[in-house]
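K.L.:
If you read the sequences in order, they're chains A and B. If you read the first sequence in this note's numbering, its first letter stands for residue 7, the second for the next number, and so on. If you read the second sequence in this note's numbering, its first letter stands for residue 7, the second for the next number, and so on.
Errors might be hidden in some of the hints.
A pair counts as met if it fits within one copy or between any two copies, since identical chains are not told apart.
Unchecked claim - Simulated pairs of lysine to aspartate or glutamate, EDC-like, Cα-Cα distance not exceeding 20 Å:
id: 1; residue 1: K664; residue 2: D641
id: 2; residue 1: K662; residue 2: E648
id: 3; residue 1: K658; residue 2: E648
id: 4; residue 1: K771; residue 2: D809
id: 5; residue 1: K163; residue 2: E619
id: 6; residue 1: K662; residue 2: E645
These aren't lab readings, by the way, just hints derived from the structure by calculation.
2 protein chains.
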Amino acid sequence: MKKRDSKKYKYTYAFEEGGAKMKSLLGGKGANLAEMTGLGLPVPQGFIISTEACNEYSIGKKFPKGLDQEVELRLVELEKKTGKKLGDLKDPLLVSVRSGAVFSMPGMMDTVLNLGLNDDSVEGLILQTSDERFAYDSYRRFIQMFGNVVLKVESSKFEKAISKKKEENGVKLDTELTAEDLKDLVKIFKKIVKNDAKIDFPVNPRAQLELSIKAVFESWNNPRAKVYRKANGIPDNLGTAVNIQTMVFGNKGSDCGTGVAFTRNPSTGKKELYGEYLLNAQGEDVVSGARTPQPIKKLEKEMPKAFKQLISIMKTLEKHYKDMQDIEFTIEQGKLYMLQTRNGKRTAAAALKIAVDMVSERLINQDEAIGRIDPSVLDQLLHPRLDPNAKINVLAKGLPASPGAATGKVVFDADKAEEMGSKGEKVILTRWETTPDDIHGVIAAQGILTSHGGMTSHAAVVARGMGKPCICGCEEVKIDLEGKVFRVGNTLIKEGDIVTIDGASGQVILGEVPLISPIISSDFKKLLSWADKKRRLGVRTNADTPEDARKAREFGAEGIGLCRTEHMFMAEDRIVHVRHMILAETDKERSEALDKLLPMQRGDFEGIFQAMEGLPVTIRLLDPPLHEFLPNLSDLKVELAELKHKKAAQYKISEKEKLISKVRAQVEANPMLGLRGCRLGITHPEIYDMQVRAIMEAACKVASKGKIPKVEIMIPLVSHFNELKLLRERTISVVEDVLLKKKMKIPYTIGTMIELPRAAVTADKIAEYADFFSFGTNDLTQTTFGFSRDDAEGKFLPKYLEDKILEDNPFEVLDEDGVGKLVAIASELGRKTKPNLKLGVCGEHGGEPRSVKLCDKIGLTYVSCSPYRVPLARLAAAQARLDGAEAGAREK
Amino acid sequence: MKKRDSKKYKYTYAFEEGGAKMKSLLGGKGANLAEMTGLGLPVPQGFIISTEACNEYSIGKKFPKGLDQEVELRLVELEKKTGKKLGDLKDPLLVSVRSGAVFSMPGMMDTVLNLGLNDDSVEGLILQTSDERFAYDSYRRFIQMFGNVVLKVESSKFEKAISKKKEENGVKLDTELTAEDLKDLVKIFKKIVKNDAKIDFPVNPRAQLELSIKAVFESWNNPRAKVYRKANGIPDNLGTAVNIQTMVFGNKGSDCGTGVAFTRNPSTGKKELYGEYLLNAQGEDVVSGARTPQPIKKLEKEMPKAFKQLISIMKTLEKHYKDMQDIEFTIEQGKLYMLQTRNGKRTAAAALKIAVDMVSERLINQDEAIGRIDPSVLDQLLHPRLDPNAKINVLAKGLPASPGAATGKVVFDADKAEEMGSKGEKVILTRWETTPDDIHGVIAAQGILTSHGGMTSHAAVVARGMGKPCICGCEEVKIDLEGKVFRVGNTLIKEGDIVTIDGASGQVILGEVPLISPIISSDFKKLLSWADKKRRLGVRTNADTPEDARKAREFGAEGIGLCRTEHMFMAEDRIVHVRHMILAETDKERSEALDKLLPMQRGDFEGIFQAMEGLPVTIRLLDPPLHEFLPNLSDLKVELAELKHKKAAQYKISEKEKLISKVRAQVEANPMLGLRGCRLGITHPEIYDMQVRAIMEAACKVASKGKIPKVEIMIPLVSHFNELKLLRERTISVVEDVLLKKKMKIPYTIGTMIELPRAAVTADKIAEYADFFSFGTNDLTQTTFGFSRDDAEGKFLPKYLEDKILEDNPFEVLDEDGVGKLVAIASELGRKTKPNLKLGVCGEHGGEPRSVKLCDKIGLTYVSCSPYRVPLARLAAAQARLDGAEAGAREK
């Protein structure tokens with residue numbers, strides 16, 4: 007990042023100067039505080055230090071030039087507006103210093119509250135509030151928070167001091183401590199700071215502020231923030247803004263409170279009041295889940311006036327933002343203050359319902375609704391749910407914080423969850439409450455269960471964002487961390503025991519529960535029907551079985567883009583014939599084996615053609631290296647060594663030796679780049695002949711009974727047009743032979759995979775012999791990068807992603823600059839030869855939203871993906887057509 | 007090939023109509039006969055059927071429309087010119103029907119002589135020659151040749167009949183047979199034809215001619231012609247012309263003869279008379295080696311007039327063609343006839359000498375001289391020769407037919423030579439004489455030894471063309487084919503015994519002889535100095551040792567383009583430390599192993615820098631997968647099974663198991679695409695650190711004693727610019743650390759290999775972090791085609807080449823359309839970022855002439871190849887600059 011001429015540069019903005027559109031400069035929180043200020047809503051006054059200042063700070067580890075002075079001027083301004091002064095003996099100004107990134111990162115960065123207190127100003131606070139206990143409680147909270155966040159003193163040291171004080175006084179609750187006790191604690195806390203941080207606690211509020219701002223800047227790069235960004239695809243170079251805002255207190259007494267609310271239900275999307283609050287508490291108490299809060303409805307009775315104002319403001323905000331809002335408020339002595347509003351995180355189901363409802367309410371149009379949904383969350387809705395007919399043993403019931411069903415082993419800490427998760431084990435992270443420090447465990451877990459905290463607690467918010475099932479505040483669950491067990495009544499659940507949670511109902515169930523297919527909601531159908539009208543790109547499916555084909559059609563697939571024939575070869579009743587075929591010593595032996603496979607393959611294709619009822623079916627001829635079908639060579643060698651040691655019969659030894667030598671002959675140094683794909687078709691033409699015959703015989707049979715199949719035969723791994731030329735001729739001659747014998751006409755085309763760089767750069771010549779191209783982006787990624795997927799993902803890709811050498815795993819997200827460029831080159835060359843050449847993608851990328859959008863940009867005809875990803879691809883394809891908008895990315 | 011409108015088409019040309027420039031239409035022989043006719047030289051009259059007619063024939067297997075009539079008209083014309091008539095009772099016209107391809111394919115296709123004879127015309131021939139014996143000898147020769155070539159009767163059947171006749175008459179030589187005997191043989195031959203070919207011998211000369219023309223057309227596609235074309239890179243679609251020419255007879259008596267001569271010595275290039283003749287013989291007798299002919303010098307005494315005319319014509323021809331001519335002549339009753347002239351095949355040494363001499367003689371200019379030499383023959387001159395100090399046991403001495411030394415096992419037939427050769431065994435093909443049917447054996451052999459035939463025999467011509475050592479006419483060698491042995495005096499040599507032949511001296515030596523480096527001739531140096539002036543492309547070498555570096559500098563290398571560091575890791579005293587490094591369990595263990603390797607690597611680099619004396623040295627950091635340095639997993643597993651069976655001590659078993667698990671962890675599915683190259687540098691940075699340190703410490707040491715090395719550090723296998731960015735920074739920091747400690751300044755640059763398609767298409771970004779690119783065309787070919795070289799060459803490439811799916815092995819000849827396109831794209835993108843970016847090629851293609859020319863065309867800075875190929879690259883690079891000319895390709 008280039009350093010700007012900082013003299014002319016502006017790093018701070020009063021709330022009055024900003025607005026919601028300035029998010030990238032002011033962060034989400036700041037921009038929305040400014041926006042609310044502009045709307046005339048009751049927002050405590052303050053100003054914002056921009057993300058640019060943070061980025062400059064990150065380079066030099068010091069304040070950019072001029073920031074000091076700007077902050078000083080803003081403070082003076084703020085003092086003027088509020089009539090209070092920082093550190094004042096009589097009426098001190100207290101401020102909060104909060105992080106605020108462009109994309110919400112709940113709880114990942116640092117915050118300091120009650121800033122401005124010292125031994126002088128605490129007297130002023132007493133003067134203003136006539137509440138010595140409150141003043142000293144605020145003071146000790148400030149030292150505690152500042153000590154921990156800014157000076158890096160372990161928070162447990164403060165906690166211990168509090169516990170000790172309570173013990174001494176023989177009380178149990180913090181609230182039972184007297185003003186005198188708290189005053190004493192302030193002294194003790196200062197000593198702790200002095201001992202640990204080796205400095206006197208800074209009494210000058212200006213110094214407090216400067217240190218706090220720096221601490222917030224630095225928290226942008228703390229480990230949990232990095233993990234969260236990585237998990238959520240948020241760039242590392244955005245920086246955080248810092249919000250400096252006058253403190254208001256929800257903890258001044260019983261006419262005070264603080265709460266969090268959503269304008270709609272973020273779990274179901276229903277238009278209803280949803281939220282929680284705590285009387286006499288500060289905001290952190292609600293979010294952290296430390297106290298389980300009250301449903302917002304109750305506020306109506308307790309503070310009707312404030313409640314009414316709140317409801318009115320929420321309506322205003324939703325109408326203004328045209329989206330569901332997630333707000334934070336504080337009531338200080340009956341007066342309502344708005345501390346935050348933002349577009350609320352929601353489950354996939356809620357996102358759909360809200361988008362569709364808002365179209366009905368004429369708040370947004372169909373395009374906006376399409377743009378609202380992150381396609382990658384859709385598959386949450388397609389995932390299995392509990393079988394309602396299953397007998398289940400419900401252990402407990404908590405708050406249904408994030409829907410979906412998950413089964414896994416119980417674990418009690420985030421590290422363990424990550425450790426087991428990385429081995430592929432399914433775990434349910436079970437905590438008293440979760441904190442931002444648990445983020446890596448939440449990512450690794452199938453689902454989250456907490457015994458405390460509400461629907462808006464950290465665990466709930468994060469889980470909903472990730473589409474993971476979550477149950478919160480399940481108080482029946484009594485966790486014993488030391489013993490690594492939890493109890494529900496008399497039932498003891500140990501670490502590693504299996505439970506199932508249903509985040510939609512809040513049920514915690516003992517053991518594994520059978521799952522069934524989901525029901526697709528009408529919102530889902532409606533939104534996707536809008537997407538279908540919008541999109542240009544076709545969406546097909548990759549399916550090798552009639553079941554998959556049927557499932558994909560339910561999800562809206564318009565054909566099969568890739569039917570792999572090798573899976574059919576792997577079936578138990580076939581592998582023996584496949585091995586005979588491969589190891590045949592004579593043409594006769596080989597053709598006998600193929601004769602046995604022919605009717606089986608024909609049957610496979612019949613089922614698929616029937617399921618697709620006349621929609622196009624692209625069948626790829628055999629692709630993998632033959633030795634994938636053979637036994638392992640090392641194993642055979644060990645077996646031989648053992649036969650010899652056992653002095654087994656000579657014929658057995660000879661047989662084994664013969665097998666070894668045949669298998670050895672098939673072994674390759676780099677099978678990915680060896681005898682496979684069309685190379686097999688050229689060296690073993692009888693295999694492709696059999697497959698083509700099976701395809702066409704099946705097509706004839708299905709055509710004679712129902713809809714005529716649309717057959718597309720695909721030749722894999724072509725590098726030179728001559729390969730395709732040869733195999734095309736041979737394929738046609740087998741096809742025509744079958745059609746002549748059956749006296750039928752079946753439409754068929756012959757195309758090829760473009761999955762090698764050479765095919766891409768010579769696509770003009772290849773197109774002369776191809777009716778269609780299908781980009782095999784998995785293999786194309788392997789050869790373009792020179793990455794063997796198996797080896798790369800095991801050996802160096804994790805480090806590459808960790809170190810940001812690559813932004814994304816190119817096997818998940820299509821690499822635009824490299825692989826995408828080759829796809830674009832091939833498309834252009836192919837269409838130069840045949841302007842209407844059909845172009846598809848059948849790698850896994852066909853079901854990844856950003857890749858789908860890239861395919862649309864390149865101008866492909868269709869994408870093909872696994873059945874469960876078909877809806878996602880339909881939506882992503884529609885978003886690709888939305889003008890300009892960074893569709894689907896805004897809900898990060 | 008498109009069929010033309012044959013009515014308007016012309017398929018035949020009288021000699022008077024053609025010329026040397028019409029080679030592609032008239033074939034080499036026809037075009038030159040026409041040219042000589044135009045020069046007024048004594049050429050027997052005739053006409054030519056074009057190669058186009060042959061190609062049309064190849065499609066439809068019948069004469070193209072109109073050819074019949076054209077041939078008829080030409081015949082009438084010929085009869086008019088000669089005053090003779092085909093089949094005439096009194097003065098019959100006899101013709102030869104000879105093949106004649108665009109590129110000379112000596113003896114590979116068919117020829118029919120004496121055509122026009124039947125029971126009637128033989129009488130006319132007697133009338134004209136008054137020589138009944140000659141007439142019937144010609145007649146039986148005709149039936150024999152026509153029977154074999156056209157009617158496919160086995161020639162041994164005719165031979166047997168002759169032997170039987172000789173036996174009956176108690177004579178030994180053919181010449182002892184009387185006219186009556188021959189007349190009888192004619193009858194017997196006709197019966198053989200009738201029995202074997204199931205037709206009466208065709209008596210109508212028109213029918214004889216038509217059948218002969220077709221037979222010549224078909225001989226274009228006979229197996230030996232195909233093999234020859236493949237070995238010599240001649241396209242299959244050129245076709246042969248057919249030359250129909252009035253017969254002249256060298257076998258009419260002692261004032262007759264026939265011979266072959268070169269205008270210069272084709273073995274040494276010396277300007278001297280070189281050739282052989284036979285009195286009273288037909289041309290085939292000389293070429294076939296059936297009789298060992300007389301040196302041409304002797305002709306001066308025997309036929310001074312004809313000799314003088316011959317010498318004069320040879321001078322004319324060489325001056326006219328500006329190249330050494332290979333001519334055939336016949337003397338009929340004292341009158342000289344020219345039957346052929348062509349640019350003569352020659353050894354590499356001769357080619358050089360002739361080209362350089364002709365420049366001195368002002369026959370050609372330097373550019374023409376450069377264009378004359380096929381670069382691929384140069385390495386013949388660089389190959390080792392016999393150590394003159396070695397004690398050798400000379401068995402025999404023959405004619406020095408093609409220079410060079412070769413050692414191998416004696417084999418007696420071509421099939422066996424091919425069989426053993428394909429297994430990598432070195433063989434010396436030892437024959438009485440070679441025939442065109444032996445071509446596959448000649449290709450497979452290291453050298454050729456024949457007991458018969460002269461310097462212009464088939465074996466000699468073919469061997470010289472291929473640059474293989476050859477000794478001909480070594481009559482002391484008595485071959486017993488049945489017994490598979492040969493004797494020289496009392497010494498018995500069995501099949502499989504080792505001999506060495508020296509084609510320059512003609513010595514056949516028992517056993518193996520030590521070889522030493524060749525002496526580079528002044529012609530060689532002169533021609534290459536001209537090439538150096540002409541070329542734009544730099545030429546470097548691939549060298550890993552000081553010896554290779556020195557050798558390459560002798561051959562003109564201007565730097566090292568690729569110094570591989572992995573070979574240094576493989577040395578016996580190092581592999582143990584390398585394994586320790588790889589299998590280290592702690593950083594400490596690893597760094598200890600690296601500390602042991604550091605001084606060794608430093609020593610390697612010192613030697614190389616010293617050898618290169620300040621020329622640039624590009625060092626590639628470690629590239630191959632680490633498991634290449636480890637023991638084989640299968641072997642370890644078998645060893646473990648055996649330890650268990652032997653009930654070995656538990657600690658031994660555990661140790662083995664531990665090793666297995668460590669090695670297994672390194673095994674990759676596709677090591678070519680796995681953890682190697684810069685991926686190693688990123689995951690194991692300490693390895694590259696050690697290498698960079700060793701390089702720079704070596705550079706400092708060498709600089710302090712002599713010339714300052716020019717260090718170029720090369721990072722392999724980059725796919726994304728971030729890889730290079732990271733490693734560049736790390737490399738610089740190690741380099742600067744060394745230079746600071748040593749208080750020295752050494753110029754260094756850091757560049758990368760472009761060997762992955764992604765690197766090629768994102769070369770603009772990569773160039774930002776690279777001081778130079780070096781195209782690793784071996785790996786780039788692997789990933790662009792998706793071919794693992796090991797697997798492809800073993801499993802399917804041979805079939806691809808056989809079936810012409812690929813014209814060339816892309817690992818030998820750079821694939822212009824695919825890989826070359828990526829190289830061009832990368833060059834353009836790289837130079838867009840850095841206009842002066844240095845671009846090189848360091849794959850094996852850097853030493854292949856066509857690939858070098860492609861590199862020049864793309865605009866690369868230099869090529870780098872193995873030391874022995876440096877001269878070749880220098881020449882090819884110069885040829886690339888010759889305007890338009892298909893330089894180097896004309897001498898096919």
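K.L.:
Find the hints from earlier in the document that the structure breaks and name them by number, from lowest to highest.
P.N.:
5
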